[in-house]
Amino acid sequence: MSAPEPLPLADLHASLADPLLDAMTFLNEVTTRYPDAVSFAPGRPYEGFFDPEDVPGYLDTYLAHLAARGHDRDAVRTALFQYGPTKGIIADLVARTLANDEGLAVAPEALVLTVGAQEGMLLTLRALCAGPDDVLLVSSPCYVGVTGAARLLDLTTLPVPEGPGGGPDPEAVRAAARAVRAEGRRPRALYVVPDFANPSGTSMPVAARSRLLDAAAAEGLLVIEDNPYGFFARDPGERPTLKALDRRRQVVYLGSFAKTCFPGARLGYVVADQEVAAPGGRRTLLADELAKLKSMTTVNTPALSQAVIGGMLLRHDCRLREANAPATTHYAAGLDTLLRELDRHFPASERRRLGVSWNRPEGGFFAVLTVPFAADDAAMERCARGYGVLWTPMAPFYPAGGGEHRLRLSISSLTQDQIIDGVAKLAAFITA
442 MSAPEPLPLA DLHASLADPL LDAMTFLNEV TTRYPDAVSF APGRPYEGFF
492 DPEDVPGYLD TYLAHLAARG HDRDAVRTAL FQYGPTKGII ADLVARTLAN
542 DEGLAVAPEA LVLTVGAQEG MLLTLRALCA GPDDVLLVSS PCYVGVTGAA
592 RLLDLTTLPV PEGPGGGPDP EAVRAAARAV RAEGRRPRAL YVVPDFANPS
642 GTSMPVAARS RLLDAAAAEG LLVIEDNPYG FFARDPGERP TLKALDRRRQ
692 VVYLGSFAKT CFPGARLGYV VADQEVAAPG GRRTLLADEL AKLKSMTTVN
742 TPALSQAVIG GMLLRHDCRL REANAPATTH YAAGLDTLLR ELDRHFPASE
792 RRRLGVSWNR PEGGFFAVLT VPFAADDAAM ERCARGYGVL WTPMAPFYPA
842 GGGEHRLRLS ISSLTQDQII DGVAKLAAFI TA
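Going by the numbering used here, the letters in the sequence shown line up with residues 442 to 873, in that order.
Because the hints were derived from the structure by calculation, they are not lab data.
Be aware that a few hints might be false.
For each label pair, taking beta carbons as the anchor points, the in silico distance ranges come out as [claimed, not checked]:
hint: 1; residue 1: A451; residue 2: G511; range: 52 to 60 Å
hint: 2; residue 1: R794; residue 2: A766; range: 35 to 43 Å
hint: 3; residue 1: A648; residue 2: A509; range: 41 to 49 Å
hint: 4; residue 1: D501; residue 2: A820; range: 35 to 43 Å
hint: 5; residue 1: A620; residue 2: A865; range: 44 to 52 Å
With a straight-line cut-off of 25 Å between C-alpha atoms, the simulated DMTMM-like cross-links for lysine to aspartate or glutamate are [as the list claims (entries may be wrong)]:
hint: 6; residue 1: K866; residue 2: E791
hint: 7; residue 1: K733; residue 2: E716
hint: 8; residue 1: K733; residue 2: D575
hint: 9; residue 1: K866; residue 2: D758
hint: 10; residue 1: K866; residue 2: D459
hint: 11; residue 1: K866; residue 2: D777
hint: 12; residue 1: K733; residue 2: D533
hint: 13; residue 1: K866; residue 2: D818
hint: 14; residue 1: K866; residue 2: E470
hint: 15; residue 1: K866; residue 2: E763
hint: 16; residue 1: K866; residue 2: E822
hint: 17; residue 1: K866; residue 2: E845
hint: 18; residue 1: K733; residue 2: E845
hint: 19; residue 1: K866; residue 2: D575
hint: 20; residue 1: K733; residue 2: D595
hint: 21; residue 1: K866; residue 2: D817
hint: 22; residue 1: K733; residue 2: D477
A virtual CB, placed ideally from N, CA and C, is assigned to each residue, including glycine.
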């Protein structure tokens, strides 16, 4: 019997031939191919803060919480072992945490618990973009997760370059929206990471945040705010989220417990408190509409993941900023070490000679280095093989092209000694 004919890639969805969808997979695979290399590539949290023995303790805390609320053994069994509400079972705890940590007054019914923030992005884009003429504006460079999700959904994206101060310039957002409208299409929403963005590490100036909301409102844009890194600010009280500044219910807020708790739980959430007017005068929340979509994809978010994270929230009195203070200190020290070592290996005269420069983020996980060669996958493999250090090419983060001579450095999973060693190896590669 002859072997079956392979499926032609051309007969599958066009996104599968897009190199963008290979970006994350390549990074995961190249890291495993060079396990001894110092890796500035992944944006995952530092594992020194994880203790496997904590997980059953968090689960016990949540079970005690259910018992205190009057749940008998049968009700607890159903909550943990059965399919659950599509919008989730710990929305009340997440709402309390948002109030304590971000000053956000969020009704639990405006929340949808998701399988990571990535599912939240996918649901939000699918709900907001009604047809082929709807366009998503994205800050550029941009996290590949959202541009990849848009590609899967056949949505058009239009990059808005980051301004010199960080984040998309409000006037550039206005201009982009008007350009889309002039083509007969509808600028639907703007995706932005205001704090320590992936990949650039930049943050929006506080004064620009209100101006961005005003510009978006004037152009009829909803704002999709993604906030995985805001917790790791050295000055948290001085950096209000866009959602905290939102007076028009124009911001859909994406949150995640990947960086603040642990990524293995795969737990995120969407705050979607916008009203939706249905035929016949019926009003719902956008969160309810997202839940309809979720019911046809993941059905519901795993109850065990929610229970463990719920117990973690309860253990810390729904105050994750205080719980994450050691992590914030660790990441700040790592970023300081990275910048100091870059200064040491590339003094001003050497920078000018080589054509090397970098930005100086105020927090978060990432910094970006500009180099005099094409910082592509092949260069990264040469660097890993010959010098024992990995990094992330920046080009995939530019939807309209660019970034070919830039690379991202992440300090999040490394110790300070590893950062010192890694920068020395990277400097040797660049100099060579």
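Do the hints match the structure? See the list:
Our hint of 52 to 60 Å for A451 and G511 holds, since their Cβ atoms are close to 58 Å apart. A hinted range of 35 to 43 Å holds for the C-beta pair R794 and A766, which are about 41 Å apart. Range check, A648 to A509: about 45 Å between beta-carbon atoms, so the 41 to 49 Å window is met. At roughly 49 Å, the beta carbons of D501 and A820 sit outside the given window of 35 to 43 Å.
Separated by about 46 Å at the C-beta atoms, A620 and A865 satisfy the suggested range of 44 to 52 Å. Of the supplied pair hints, the one linking K866 and E791 holds, its CA atoms being roughly 16 Å apart against a limit of 25 Å. Between K733 and E716 the CA atoms are separated by roughly 15 Å; this keeps the pair inside 25 Å, and the hint holds. The suggested pairing of K733 with D575 holds, with an alpha-carbon distance near 21 Å, which does not exceed 25 Å.
Distance check on the hinted pair: K866 and D758 sit about 43 Å apart at the alpha-carbon level, beyond 25 Å; violated. As the CA atoms of K866 and D459 are separated by approximately 32 Å, the hinted pair breaks the 25 Å bound. With a CA separation close to 18 Å, the supplied pair K866 and D777 stays within the 25 Å bound. Taking the CA atoms of K733 and D533, the gap is near 20 Å; set against the 25 Å cutoff, the hint holds.
Restraint check for K866 and D818: satisfied, since their Cα atoms lie roughly 18 Å apart, inside the 25 Å limit. Taken as a hint, the K866 and E470 pair is honoured in the structure, with Cα atoms around 21 Å apart against an allowance of 25 Å. Of the pairs offered as hints, the one joining K866 and E763 is violated, with about 36 Å between alpha carbons and a cut-off of 25 Å exceeded. Taken as a hint, the K866 and E822 pair is honoured in the structure, with Cα atoms around 14 Å apart against an allowance of 25 Å.
Distance hint between K866 and E845 is fulfilled; the C-alpha atoms sit about 21 Å from each other, no more than 25 Å. The hinted pair formed by K733 and E845 fails the criterion: a straight-line CA distance of about 41 Å is larger than 25 Å. For a cut-off of 25 Å, the pair hint linking K866 to D575 is broken: about 46 Å separates their Cα positions. Restraint check: the Cα-Cα separation between K733 and D595 comes to about 20 Å, which is no more than 25 Å; the hinted pair holds.
Between K866 and D817 the CA atoms are separated by roughly 18 Å; this keeps the pair inside 25 Å, and the hint holds. For the proposed pair K733 and D477, the alpha carbon gap of about 45 Å is over 25 Å, so the pair is violated.
Checked against the numbered hints above, the structure violates hints 4, 9, 10, 15, 18, 19, 22; every other hint is satisfied.
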